[in-house]
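Undergrad: Sequence:
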Amino acid sequence: AWPQLQIFSLGARFGWMEESRVTLGGVKSLIRHCPGLKNLELVIDATKEVPERAGAMAVANNKITGLVLGNSKIRAQTDEVAEELGAVLPQLRWIETWS
Numbered sequence: 001a002w003p004q005l006q007i008f009s010l011g012a013r014f015g016w017m018e019e020s021r022v023t024l025g026g027v028k029s030l031i032r033h034c035p036g037l038k039n040l041e042l043v044i045d046a047t048k049e050v051p052e053r054a055g056a057m058a059v060a061n062n063k064i065t066g067l068v069l070g071n072s073k074i075r076a077q078t079d080e081v082a083e084e085l086g087a088v089l090p091q092l093r094w095i096e097t098w099s
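When the letters of the sequence shown are read in order and numbered with this note's numbering, they come out as residues 1 to 99.
Treat the hints as calculated values from the structure; they're not laboratory data.
Quick reminder that beta carbons are idealized off the backbone N, C-alpha and C, glycines included.
Heads up, some of the hints might be wrong.
[Said to hold, decoys possible] Ranges between beta-carbon positions, derived for each pair:
hint, residue 1, residue 2, range
1, Lys38, Gln77, 26 to 32 Å
2, Ala1, Asn71, 26 to 32 Å
3, Gln4, Glu80, 15 to 21 Å
4, Ala1, Gln77, 32 to 38 Å
5, Arg93, Pro35, 35 to 41 Å
6, Trp2, Arg75, 28 to 34 Å
7, Gln6, Ile95, 30 to 36 Å
8, Gly36, Ala87, 17 to 23 Å
9, Gln6, Ala76, 31 to 37 Å
[Unchecked claim] When the alpha-carbon atoms are kept at most 20 Å apart in a straight line, the in silico DMTMM-like pairs for lysine to aspartate or glutamate are as follows:
hint, residue 1, residue 2
10, Lys48, Glu18
11, Lys63, Glu83
12, Lys73, Glu49
13, Lys73, Glu41
14, Lys48, Glu80
15, Lys38, Glu19
16, Lys73, Glu84
17, Lys73, Glu18
18, Lys73, Glu19
19, Lys38, Glu84
20, Lys73, Asp45
21, Lys48, Glu84
22, Lys63, Asp45
Sequences and hints are given; from them, build the entire structure.
TA: This is the structure in structure tokens:
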């Protein structure tokens with residue numbers, strides 16, 4: 001069932017009462033295990049160091065063009081976070097966040 005999952009939405013529209021523990025590595029794992037994803041909405045914690053990009057192309061998803069991250073925490077080096085997301089989501093055109 002997971003490989004055919006097309007929509008994954010978990011709290012991004014309304015936020016979480018507690019801080020998310022989902023990291024960029026977790027997003028990568030979700031993309032790897034759910035290659036059919038077309039819509040991704042979740043809250044992440046991108047305050048930690050960005051993981052190495054080795055093998056990033058192996059987990060790329062070309063179907064996702066937009067990403068809803070809700071009230072995700074993103075560290076000061078947003079360009080590194082954007083680069084990492086761009087590596088695994090090469091067709092990404094927009095990101096929606098709020099605080």
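Undergrad: Hint by hint, note whether the structure agrees.
TA: Results of checking the hints against the structure:
At roughly 29 Å, the beta carbons of Lys38 and Gln77 sit within the given window of 26 to 32 Å. Between Ala1 and Asn71 the Cβ separation comes to about 29 Å, which falls inside the hinted range of 26 to 32 Å. Taking 15 to 21 Å as the suggested C-beta distance range, the pair Gln4 and Glu80 does not conform, at roughly 32 Å. A beta carbon spacing of about 36 Å between Ala1 and Gln77 agrees with the range 32 to 38 Å that was offered as a hint.
Taking the beta carbon of each, Arg93 and Pro35 are about 20 Å apart, not inside 35 to 41 Å as hinted. About 29 Å separates the C-beta atoms of Trp2 and Arg75, a value consistent with the hinted range of 28 to 34 Å. A C-beta distance of roughly 19 Å is found between Gln6 and Ile95, which places it outside the suggested range of 30 to 36 Å. Here the CB-CB span from Gly36 to Ala87 is close to 19 Å, well matched to the stated 17 to 23 Å.
The hinted window of 31 to 37 Å between Gln6 and Ala76 holds, with their beta carbons roughly 34 Å apart. The hinted pair formed by Lys48 and Glu18 meets the criterion: a straight-line CA distance of about 17 Å does not exceed 20 Å. A threshold of 20 Å between alpha carbons decides the hint, and for Lys63 with Glu83 the separation of about 18 Å falls inside it, so the pair holds. For the given pair, Lys73 sits about 13 Å from Glu49 by alpha-carbon distance, which is consistent with the 20 Å threshold.
In summary, the hint linking Lys73 to Glu41 is supported, as the alpha carbons are separated by about 14 Å, within the 20 Å threshold. Between Lys48 and Glu80 the CA atoms are separated by roughly 11 Å; this keeps the pair inside 20 Å, and the hint holds. Using a Cα cut-off of 20 Å, the hinted pair Lys38 and Glu19 is violated, with the two alpha carbons roughly 25 Å apart. A C-alpha spacing of about 15 Å is found between Lys73 and Glu84, which places the hinted pair at or below 20 Å, so the restraint holds.
Among the hinted pairs, Lys73 with Glu18 is consistent with the structure: their alpha-carbon atoms are about 12 Å apart, no more than 20 Å. For the hint linking Lys73 to Glu19, the alpha-carbon distance of about 8 Å falls within 20 Å, and the restraint holds. For the given pair, Lys38 sits about 18 Å from Glu84 by alpha-carbon distance, which is consistent with the 20 Å threshold. Distance check on the hinted pair: Lys73 and Asp45 sit about 5 Å apart at the alpha-carbon level, within 20 Å; holds.
Proposed proximity of Lys48 and Glu84 is supported: the alpha carbons are some 13 Å apart, at most 20 Å. Among the hinted pairs, Lys63 with Asp45 is inconsistent with the structure: their alpha-carbon atoms are about 23 Å apart, more than 20 Å.
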